[in-house]
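Chains as they are written, first to last, in our numbering: chain Y, 1 to 179; chain E, 180 to 912; chain R, 913 to 1303.
Don't take every hint at face value.
[Unchecked claim] Computed list of chain E residues with no C-beta within reach of chain Y, every gap over 10 Å:
1) N391
2) G545
3) F737
4) W771
[To be verified] Quick list of simulated restraints, FRET-style, between CB atoms:
5) R:V1163 / E:L827: 34 to 40 Å
6) E:A295 / R:V944: 47 to 53 Å
7) Y:L155 / R:H940: 44 to 50 Å
8) Y:I127 / E:V733: 30 to 36 Å
Rather than coming from a laboratory, the hints here were simulated on the basis of the structure. Idealized CB from N, CA, C, for every residue including glycine.
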Amino acid sequence: MARFAMLIDASRCTGCNACRIACQMQWQLPPERYFNRLEHRERGIYPNAKWEIVPIQCMHCDNPPCRDVCPTGATYKRTDGIVLIDSKKCIGCKYCLAACPYGVRQINENGVPEKCRFCAEYIIEGIMPPCTSTCMNEVRVFGDLDDPNSKISKLMAKKEVYQLLPEKGTKPRIYYVKK
Amino acid sequence: MVRVSRRTFLKASALAGVASSLPLMVNFNDFARAAQEAPITKIPTMCNGCSSTCGKYVYIKNGRVWKVEGNPINLKSSGKLCARAHGMAADVYGLGRVTQPMKRIGEMEFEPISWAQAFEEIGNKLYEIINEHGGNSVMWLGHGGKEHYASTFLDEIGSANYVTHYATCFSSKTNVWDRMVGTMLNSDFDNANYMLFVGRNFAGGIIPGVMNRITKAKERGAKVVVVDPRYCELAIIADEWIPIRPGTDLALFLGIAHTLISEKIYDRSFVTNYVYGFDEFWSANKDFTAEKAAEITGIPAEKIREIAREMAANAPKAFLDTGYHGLHAHYANSTQIAMMNVVVNALLGNMFQVGGLMPSAGITLGHVETPQREIPEKGPRADGAGVDDEYPTVEPSRGIPQIVPDLIKKGRIKALFIYHYNPLRTAPDPEYQKGLKEADLVVSIPVDWNETSLYTADYILPESYYLERTEPPKVISGFIAHAYPQIAVRRQAIKPIHNTLPLLDILKGITAAAGYYNLYPFTVEEEIKASVKPLNIAPELLMETGCLEFPASVQPGFPMKDGKPALNTFTGKVEFSIGAFKLYGRQGVATWVPPLVMPNGEDEFRLIHGKQPWHSHHFTCNNPYLMAISDKYNGTWLWMNKTRAEKLGIKNGDLVTISSEKATKEIRVKITELLHPDCVWIPSAYGGFSEKLKTAYQEGINYNDFIPARVEPLSGSVMGQEVIVKVRKGGNS
Amino acid sequence: MFTKKNWLLISLLLIGIGAIGAINVLLHGEHVLGINNQVPWGILIAGYVFFAVSSTGVGLISSLGHVFGFTRFELLGRRALLVSIILLLCGFGVLGLELANPFNLIYILLSPNFRSPIWWMGAFYGLYLILLFAEFYYSLHNDHKKVKPIANVAFITKLAAVSNLGVVFGMLHSRPFWQGPYFSLYMILTAILSGSAILAIIFYLVGEKGGQVAYRGEHIVISLGKILVAALFITAIFTFWKLITSIYGGVPGKYEAAIALLKGPLSLKFWLFEIIAGLIIPIYILFKYQFQPAKVFLAAILAMIGVLFMRMDFVFAGQIIPLRVIEGALSVPYNTYVPGWSEWALILGAIGVTIFLYIIGEQKFKLDVQVEEEYHDQAGNLVSGKAPLNN
Ligand SMILES: Nc1nc2c(c(=O)[nH]1)N[C@H]1C(S)=C(S)[C@@H](COP(=O)(O)OP(=O)(O)OC[C@H]3O[C@@H](n4cnc5c(=O)[nH]c(N)nc54)[C@H](O)[C@@H]3O)O[C@H]1N2
Ligand SMILES: Nc1nc2c(c(=O)[nH]1)N[C@H]1C(S)=C(S)[C@@H](COP(=O)(O)OP(=O)(O)OC[C@H]3O[C@@H](n4cnc5c(=O)[nH]c(N)nc54)[C@H](O)[C@@H]3O)O[C@H]1N2
Ligand code: SF4
Ligand code: SF4
Ligand code: SF4
Ligand code: SF4
Ligand code: SF4
Ligand SMILES: [Mo]
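Next comes chain Y alone, as it looks inside the complex:
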């Protein structure tokens, strides 16, 4: 069984937004809906200042509050770890939007939430998700943690990593490289 995950090295991100639009094209989203976003942060005082950018998308949490609160099981987690939404079962209560601490869910024109789908079908074919493959700085590495030979497994073994908002107990599947 695959255990999909993503490793993001935010210190390499220069905010070009190619990941956002590549994903929008992949899933044919309208311009204002997107599955990944950038958080910008400024630190320090001129001239000793810094600009940091952190890409964020659905964390495919192992303990996803969005799934827990969903009254109909429309939001579910697959055995390979991918959290998906079955629009057929969704009543549009938006409880999951209120519950996700990362704010990654977006209401679509039908009132149903959407979010990053991890493009797993593509990696099975050996193709990286567009957000990952288009990135000139190779900020993201996507892969299977159960495969010790995958790039992500090897990198995870080498690098110190952290997760976002660990205190929320969500156990994200997206790891970030510590600087």
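Place chains E and R with the ligands on chain Y using the hints.
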């Protein structure tokens, strides 16, 4: 005869398998269910999102463009694409496109006409003009490098007036390098240990494949230093950001050169063997110490020396990146800045050295044999580029686009063709540029309803979108050192969806109607065949892969011939002193030249600009996807240093009024610690004013609004940042 | 002024407005609502909470009679059941229009997620509605043997439903302002507040029309007024401590939300409507006029306006602070949400429907109940039994 290298051949053939129509199956929820039945084809082509023309694949599903992906072989893309590449692919369905030929019938009114009528009317008018005023009264004004057909026509009628956009982009660099080095060298990112970027933001003024190499170099431990008044995107991954007082980079370079020379840490053997004019340079700049540079730039002298020493220590695997737009069309001293770029690199002895500056490998393509035609003598250039008592040192091959309205007023130009170019938004002073319409005949060949077409054209002839046309192959080069030559081709991915034509067909139509029969006696297919013929490869291979790489043709080492330096300069050496400049009474070597203007008062700032990673020049602003990014991240806002803002009582998100002699505009402000206090910075993309481009219309402001149309006398650039603006809190009303 | 005709006119007007809003929502879907990804729950959710909690509140007050044997409150009997039903139906109606795909509610049964507080909310309120209908039916048929056990079960269901409604919000770790058990208690408390206020309004009007509203000669509205004032007081104390604890220690998310209420974008709604109009003035009126029914009526109306805004403040305050995923990231100080006109229209419409259905109910059903009490008969003797109507 060139053979495809083994390594390349493997790459190419592996791809050819994928590239033909591979049905990919995706099975995802709602979206993918439909996709399952739809076979997907993947067609290689070239991006047209900006001048970098990266290689990309276009996925077609149900006959529609679905998505794009970077071509992994093409060194401009290296498998990566920037945001614009995706956005501009989607824009083939955009609402801003001109859908068929248009004829002006009123102030802002056009009527759709047929191609036949357009050719007929334009041809007749052109015939009259050439008869009455001669062929030299015809000008082709376009984005340079985007086509190669116009010169055939200009040659035929004896017009010297081929004018490009370069003066708005980086003409001081092209001018100087050609004279000092005889060619353009590029940074060898793959092998350098120290990289200095001054006014060059590869993460904002993007070439994805190149940025990828910089990130990789960083990963292997190379040091990256960025000098920019603004903490630009490249600074994010840099080891160091060094803010500089805008307009003073010349002083920084002089200070670095002084340190290298005075501390004797420059490459003396390189200078002795391969440099001409060193003494002249040194005697003119002996006193320009790091201290003096510090005073002007605001960078501590010790820092300047540290940069020089570190570069020297890493030389020849160290370079000062040769730059692009930033600095090279910005200042009265831009030509000297470009000269000093050559000087600093030469002092490091890094030219033609691994890890330093290397050439971009080229290869010669064939062309269709056409019957010899009689070519009339050309008149003088209307813009005065290369003309003795006008702008003698400006490259005639590029010209001076920003003063064309004057040339029309003076009666030098009667018929104007504007191709793939929008000077009303990308050249200084739009009100002045509107004067283009005064020509007797103005024909614009765009894809969209750009400002220039809407305000000045008598006829708008829409070219087919780049995804809808096939073009002859190009040799990939520029901005990156690479030993393996590459060629790439643009291939039609979908049939034209509107009544548009590729440029070749447009020109065939116009010229024939004007009485020049069979000027282009070939088809694109024939051109492609002819191009690759000397390379001994099947055109099909190129068409299937989109890009081919050939065996290395560049070796490190200074070019020598008969034991002598053999650059394409007078002396065969790198020339620190430019003879042509002296000839016309200017200094041959670079020395300190102050910028034209400096900010003074509490409310005065230099207005500087830069590329935003997700917009190209101006024309991507009508793309809803790319503008949605601007919306989300307050992309149109003006940047202002926090301390300066506090003095003016301006808070983040406030509306301010910004004015120069040319314009007064309103814009929201981003207050930041990431900008030099002397300037305000705007992303260079915005300020659309074509009513037909709804998404771009009146979003943000444009630096060209604030500057007059001037000419830097040596290289012809627009000096786009020689402008002081006053900023005050609150809107106009 | 409060003639039946006028009430009918008012209610029809409100229903008309609501109908236009409903049509707009049904035709154009989500995007006519002001909600967005940052503030996914808008005034329709607040409206739902308003109606559902009011329904439970009315039920809880009437339980004083049915369940706890305070005879006086048996007077409320059928009317309370009817209002409770109507309010809950209106709550469901508003919620249904807020849901994108109410038809998919079937999956609540087909694929229930027992971990979801909203699932439990549906279960409890669904059960509550069924019990209400049963109780109302048997009560109309004077089948007290059946009413009594139903009322007992209903009481527990009510408590479960209304406290679970607090849990729906309290379970959200992502929204610090809501998180924790506080709002479960708060829901019960404010249910009593709105329950007593609504019953006071109704019974004042019933009394004006000559229905039976007195127990042992004392107007029931006086008793309701006393409950109301107690509820108002405790609510004030609850609100006070909630804000103090949110501000004290500056817990991220909680602190800013409290500030948003006190002096941020919610402050006008909070101070003017929730605190001054909804708490202070009613308390003042109730004490000043010693629970005179007419004044209780006035205070109750103000309190209900206060409660409506209280629900909105509560729903927004939980979402107004942008999520803090990256410490120190640039963001707007507050998320924005501007309700669409259709959302306001739906709230007004639901209030209209409540009034309208109630008027119809008054006409259709025999709602007066006679309560065993001691009273003075025509001869002036003190007797025990059911007082004749219209005295
Ligand atoms: N405001 C502003 N001005 C600038 C710059 C900037 O960033 N901002 N950058 C400067 C620099 S570096 C440069 S290189 C120049 C670039 O200057 P321009 O070339 O004028 O800039 P663009 O906005 O890229 O494109 C101009 C027009 O090309 C047309 N076009 C696009 N695709 C096609 C096509 O396939 N066929 C044809 N026929 N036309 C097409 C569009 O109609 C568009 O309006 O601008 C310079 N001036
Ligand atoms: N996203 C995007 N990428 C592009 C293009 C595009 O339009 N959009 N166009 C392509 C083209 S045609 C070009 S020419 C290149 C341009 O690529 P660049 O030359 O890198 O682009 P710019 O952003 O114009 O300028 C670079 C930097 O110069 C800084 N600068 C401004 N004034 C000064 C100064 O006085 N001193 C110093 N040291 N720095 C200064 C700016 O802050 C900016 O960060 O980009 C290419 N790639
Ligand atoms: S594509 Fe890469 S560099 Fe660009 S914004 Fe996304 S993560 Fe950052
Ligand atoms: S990030 Fe949010 S939406 Fe994604 S799994 Fe976690 S809680 Fe759910
Ligand atoms: S909106 Fe849909 S997916 Fe989200 S919690 Fe409600 S039913 Fe589940
Ligand atoms: S993994 Fe796929 S769905 Fe998720 S952000 Fe990347 S491209 Fe979009
Ligand atoms: S840099 Fe981006 S927009 Fe320009 S050609 Fe390359 S992919 Fe296209
Ligand atoms: Mo450029």
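Query raised in the report: G545 of chain E clear of chain Y by more than 10 Å, beta carbon to beta carbon?
Result: holds (33 Å)
Requested in this report: Indicate whether the distance between the beta carbons of I127 of chain Y and V733 of chain E respects the range 30 to 36 Å.
Outcome: Hint holds: Cβ distance 34 Å, inside 30 to 36 Å.
Report task. Check the non-interface label on N391 of chain E: least C-beta distance to chain Y beyond 10 Å or not. Result -> violated (5 Å)
Query - CB-CB spacing for L827 of chain E and V1163 of chain R relative to the 34 to 40 Å hint - result: Once the Cβ atoms are compared, 36 Å apart, the range 34 to 40 Å for L827 of chain E and V1163 of chain R holds.
Report task. Taking the shortest Cβ-to-Cβ distance between W771 of chain E and chain Y, state whether it exceeds 10 Å. Result -> Per Cβ check, W771 of chain E is outside 10 Å of chain Y; nearest 23 Å; holds.
**Report entry** Interface-negative label, F737 of chain E against chain Y, beta-carbon threshold 10 Å
**Finding:** Per Cβ check, F737 of chain E is outside 10 Å of chain Y; nearest 32 Å; holds.
Query raised in the report: Are A295 of chain E and V944 of chain R spaced within 47 to 53 Å by their CB atoms?
Result: holds (49 Å)
Query raised in the report: Does the Cβ pair L155 of chain Y, H940 of chain R satisfy 44 to 50 Å?
Result: holds (47 Å)
Hint compliance for this structure: hint 1 alone is broken.
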